[in-house]
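Chemist: Residues per chain are reported as follows:
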Amino acid sequence: MVKKINDRTNSGKKIEKITKINILTDKDRTPMSVTPVAPAIHDLLGAKLKAYYSAIVSEPIPDRLAILMAELEAQSVADPASDPDKGGDP
Amino acid sequence: MKHPLTNPPPKNALVVNPSAEFAKQLLAAVPGLRAFALSLSLKSDRADDLVQETVMKAWKHHTSFEAGSNIKAWLYTILRNEFYSLLRKSKREVEDIDGIYAGRIATDGSQLSHLDMMDMKVALANLPDDQREAVILVGASGFSYEEAADICQVAVGTVKSRVSRARLRLNEILGIQESDALRQIKRGNGGKTQTAA
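Protein chains in written order, with this note's numbering: chain A, 2 to 91; chain B, 142 to 338.
Please keep in mind that the hints were generated in silico from the structure rather than gathered at the bench. No incorrect hints appear here.
With a straight-line Cα cutoff of 25 Å, these simulated DSS-like cross-link-like pairs (lysine-lysine) come out:
#1 Lys213(B) to Lys262(B)
#2 Lys301(B) to Lys51(A)
#3 Lys165(B) to Lys201(B)
#4 Lys201(B) to Lys213(B)
#5 Lys184(B) to Lys198(B)
#6 Lys213(B) to Lys51(A)
#7 Lys213(B) to Lys198(B)
#8 Lys184(B) to Lys51(A)
#9 Lys262(B) to Lys51(A)
If you want a taste of the chain B side facing chain A, the calculated C-beta under 7 Å gives, among others:
#10 Asp189
#11 Arg306
#12 Leu309
#13 Ala322
Don't be surprised by glycine CBs; every beta carbon is placed ideally from N, CA and C.
This is chain B alone, in the form it adopts within the complex (with noise of 0.2 Å):
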């Protein structure tokens, strides 16, 4: 994939809003965006922040978008360039786990339970950065480890390996038991966990 934003118009050709088509697809990518940002920056203002900032972005870089590619991995690939040249900015912080996105995750339409939610928060917090983007992007957000890849731009085994290393973390962290996984699949419950009667 081109690197976003490498190839910015030239100063003096006219300035063309982008077309509809590209509107609305840029608008049909806000709220993956918003949860891919929330899964980097943890902070929900922050991750607003980043969105708005992604949007204003490939709005005015727009002509650096080649039509017909893959729209949503461009601009993953963006949000996380800003993401990480604002961390750059502004050192390295400690996460604080009360500021995290305190009660703000919707449990309607959602197979978790407000508690379920709150663990994989948890245990997504505890992943080294590098393990939960991969284990977002490729577990959650449907990309393939070539695009995660892409968007990272690392190699791809690279990304495979993060990936099985931030799964391998993540069941410890949640410490989901082997037994109670077949379980719950043989149940056909997806990811909801059972209440303990």
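Bound-form chain A, shown alone (with noise of 0.2 Å):
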């Protein structure tokens, strides 16, 4: 069943059967029979990973959560141990 995961594809109908597929085998998985990736592989993939998440890190944050991060920032209260005399002030 997995092996159709070989045909690389961008059609989203295909892959979207290939998502049910997963879902079924989820459970068929052996635990300790895992063979790592060639070393190419594995760096090649790491640093497709990395390039992925990075890109999404540096998407600009919404709307909401900027005004929420805002907000709590005005609300936070300066480190009293670096002015002792306004530590205590509302």
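Can you join these two chains into the complex? Each is in its own frame, and there are hints to help.
Modeler: See below:
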């Protein structure tokens, strides 16, 4: 079943099918039989994953989160240790 | 790592807002939390809900964070717990690829072309949840196996095997050939796929 995944495709339809196959075979996974990928593939895959992730990390923060962050920042209190005189002021 | 939010402040305690330092660290973690949320939920509006919920919880329970410990791991654990408790509540729905985070990935500043980004997104979406979160934590967001094991509340060996299995599976889906990988690495070409002329 899993072999079907070797047919690389950008077609959404086909991938949808694979998703369902994936869910069906989820319990069939054998725990201890993992052969690691070749080192070159490991490195390239790692680079691709990191690039993928960092592209998302560097996306602009959506407005509602940005607003929340600004509100929280305004509510935080200055570190009392750095200015003991003002520490207790409301 | 101590489980987050296990020791809420006593009810009669004075409510103290978090320090500016805590706020700074929390807010600095938001972009990473968003990326992690997106890799768990695969839907951008739900991912933003998750991040919002996580930030609010962390804020409310800031006293249960031990200053000086790993705030990123603490926050990722909160987000992950939140995700799975919502998932348990709303029963698992089969993810619909069309609805997944459609077309919102920024390509500037990234090493990957838009097509590569889409391929990776689809490939990740095809991993079982446990493998996806493991490979994202270890392979993409830079946590150690031990930190990832803490965040997922499983044994280190379990994380290792999930990550290996995820790599195998991703490679199957992406169809990377060893010869291509060697060539791209030799060119110092990181994740970028050569565009065929």
